[in-house]
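Assemble the complex: chain A is given as a structure, and chain B must be docked to it using the hints.
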Amino acid sequence: AQTVTQSQPEMSVQEAETVTLSCTYDTSENNYYLFWYKQPPSRQMILVIRQEAYKQQNATENRFSVNFQKAAKSFSLKISDSQLGDTAMYFCAFETSGSRLTFGEGTQLTVNP
Amino acid sequence: DSGVTQTPKHLITATGQRVTLRCSPRSGDLSVYWYQQSLDQGLQFLIQYYNGEERAKGNILERFSAQQFPDLHSELNLSSLELGDSALYFCASSVRDRGQETQYFGPGTRLLVL
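One line per chain: the protein sequences are A and B, in this order. Each residue of the first sequence is one higher than the one before, counting from 1 in our numbering. Each residue of the second sequence is one higher than the one before, counting from 1 in our numbering.
Read the hints as simulated data drawn from the structure, not as lab findings. It is possible that part of the hints are untrue.
Taking lysine-lysine pairs in the DSS-like style, the calculated list, with each CA pair at most 30 Å apart, reads [what the hints assert, rightly or not]:
| # | chain 1 | residue 1 | chain 2 | residue 2 |
| --- | --- | --- | --- | --- |
| 1 | B | 57 | B | 9 |
| 2 | A | 78 | A | 55 |
| 3 | A | 55 | A | 70 |
| 4 | A | 73 | B | 57 |
| 5 | A | 73 | A | 55 |
| 6 | A | 70 | B | 9 |
So that you can see chain A by itself, here it is in the shape it has in the complex:
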């Protein structure tokens, strides 16, 4: 069974600064996908970024980037130039193709003005 662990229940960052959220996972699969979802106070689940395990290049989406370390089974999310609208719960998630998502416990990020 796959497990996903987010060891930081809460984090805070000043506006315009950079913050990194940690995620580790455990799996015996070789082909899989990793995601970060954001859940703002509205409770909507919003896809932030995704990474295919077979790709060595780290994914980037505007101010969001990941540091994917396959051997270490680590998948951290870096948010650059933090904005107030980035305040949300962030969930790391794991998936094998066409199957369920397994989520971590979440990290509550607060961006302070």
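The following block gives chain B in isolation, referenced to the frame of chain A:
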């Protein structure tokens, strides 16, 4: 807007009752997933349907059932409701993009059992 719709947005009911949650996937998406988000259990996968057929089951109680209809919308039925069933229920549908399935979530249905 993810393109996935869920109704109702909020539902308040009493213990022992039965409710039905509805989900319409994004146009063209064949897979529908149901997840439950509660305070004590976090986000948990309940069940997946693909093109009308059940594909995978997760931590879904026997009191819960689901189906996907020919027009691909899905319904999650919760019966004999208990206080602990109070949660946010999400539906997600998936699209294959650049060879990868990505799940997009609906806004959720907030269920409160009193």
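Hint check results:
1. About 24 Å separates the Cα atoms of residue 57/B and residue 9/B, which keeps this hinted pair within 30 Å; it holds.
2. This hinted pair checks out: residue 78/A and residue 55/A have alpha carbons roughly 18 Å apart, not beyond 30 Å.
3. Distance restraint check for residue 55/A and residue 70/A: the Cα-Cα separation of roughly 10 Å lies within the 30 Å cut-off, and the hinted pair is therefore satisfied.
4. Distance check on the hinted pair: residue 73/A and residue 57/B sit about 26 Å apart at the alpha-carbon level, within 30 Å; holds.
5. Of the pairs offered as hints, the one joining residue 73/A and residue 55/A holds, with about 14 Å between alpha carbons and a cut-off of 30 Å not exceeded.
6. As the CA atoms of residue 70/A and residue 9/B are separated by approximately 39 Å, the hinted pair breaks the 30 Å bound.
Consistency with the previously given hints fails for number 6 only.
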